[in-house]
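Required output: the full structure, derived from the provided sequences and hints.
Number of protein chains: 2
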Amino acid sequence: MSDAGILIRPATDGDWPAIWSIFHAVVSRGDTYTYAPDSSEADARRLWMGPGVSTFVAVDGADVVGTYVLKPNQPGLGAHVANAGYMVRPGAFGRGIGWAMGVHSLDAARSAGFRAMQFNAVVSTNDRAVALWRRLGFVVVGTIPAGFRHAVHGYVDLYVMHRFL
Amino acid sequence: MSDAGILIRPATDGDWPAIWSIFHAVVSRGDTYTYAPDSSEADARRLWMGPGVSTFVAVDGADVVGTYVLKPNQPGLGAHVANAGYMVRPGAFGRGIGWAMGVHSLDAARSAGFRAMQFNAVVSTNDRAVALWRRLGFVVVGTIPAGFRHAVHGYVDLYVMHRFL
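As you go down the protein sequences, you meet chains V and G in turn. No gaps in the numbering here: position 66 of the first sequence is 66 in full-length UniProt numbering, and each next residue is one more. No gaps in the numbering here: position 54 of the second sequence is 54 in full-length UniProt numbering, and each next residue is one more.
Warning: the hint list may mix true and false statements.
[Unchecked claim] Distance ranges between label pairs, derived from CB positions: (1) D127(V) x G52(G): 46 to 56 angstroms; (2) F164(G) x R134(V): 21 to 31 angstroms; (3) A62(V) x D38(G): 42 to 52 angstroms; (4) G154(V) x L136(G): 26 to 36 angstroms; (5) R115(V) x L7(G): 42 to 52 angstroms; (6) G14(G) x P75(V): 20 to 30 angstroms; (7) R110(V) x D107(G): 41 to 51 angstroms; (8) V103(G) x A62(V): 56 to 66 angstroms.
These aren't lab readings, by the way, just hints derived from the structure by calculation. Just so you know, even glycine gets a beta-carbon here, dropped at the ideal spot from N, CA and C.
What follows is the structure, encoded as structure tokens:
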């Protein structure tokens, strides 16, 4: 499923401009992430590379084609469950980059000692994401009715998805 | 259901010592909140009275007997759903303080323009809380299997609870 030329590695400060370009392109569409479409670069950097967040990039040669973050979903007594977020550069869809990052993140979460992974806010109309997570073993364990204000469709449901590691 | 002598009002900086006393007593038990049982006072203050958080106290005369926080559950395109957390001073249970804060918070959330309220991590063994939220119109919309490491019972489920406003 995944492109053999894709390498996934921890992000460095030098990757930030490329990550920000992807973050901004994805978030400004208002159809897959709750982050405000007009999120500032400073806000984005704090969210994506702030304390407690492990940040990775998917690279194709020198090009950053995707990025994901891994962190505890809850503090203290819920910190055995990981949370992650993934973004693929628009224009790089269909190359298995999401799948490759998903597989990588599950391994990284296991290595970090997490027992499960949880997504809190998968937009129900984001068919590509929902299908990807199902293929990677996640199940919908909750539905937040009208939890997302979609730029095109208005209020749509959010899914909570989960799998053990 | 609620004690006629209880008043609920916005918290001030001067309330912090009493709030911290409640926070520490509740969290250190490790049976109802994911916050680390040994959370520091600085961490607690940032969580409970930090930016973007509206903090309230329930008072009986000069005594702070409970506290709750209200904030958006998600940023940007999910910010129409409120999140809240409530703590009653141990020793003050059974006086309807949780109920009174619950009712107050629903009104406060409506006034602030939220369309719904969501709790992300109601400990499934916390019968008192689950029953209270049901009486206040919340329903379980999700279950995180083994999402909470309970100090006594080990890994138990977390509920996601939700109601429209």
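A quick look at each hint next to the structure:
With their beta carbons about 32 angstroms apart, D127(V) and G52(G) fall outside the hinted range of 46 to 56 angstroms. Restraint check, F164(G) to R134(V): a C-beta distance of roughly 28 angstroms satisfies the suggested window 21 to 31 angstroms. The hinted window of 42 to 52 angstroms between A62(V) and D38(G) holds, with their beta carbons roughly 45 angstroms apart. One distance hint, 26 to 36 angstroms for the beta-carbon pair G154(V) and L136(G), holds here, with the actual separation near 27 angstroms.
Restraint check, R115(V) to L7(G): a C-beta distance of roughly 43 angstroms satisfies the suggested window 42 to 52 angstroms. With their beta carbons about 27 angstroms apart, G14(G) and P75(V) fall inside the hinted range of 20 to 30 angstroms. A C-beta distance of roughly 45 angstroms is found between R110(V) and D107(G), which places it inside the suggested range of 41 to 51 angstroms. Range check, V103(G) to A62(V): Cβ separation about 58 angstroms, and the 56 to 66 angstroms hint holds.
The structure fails hint 1 only (numbered hints given earlier).
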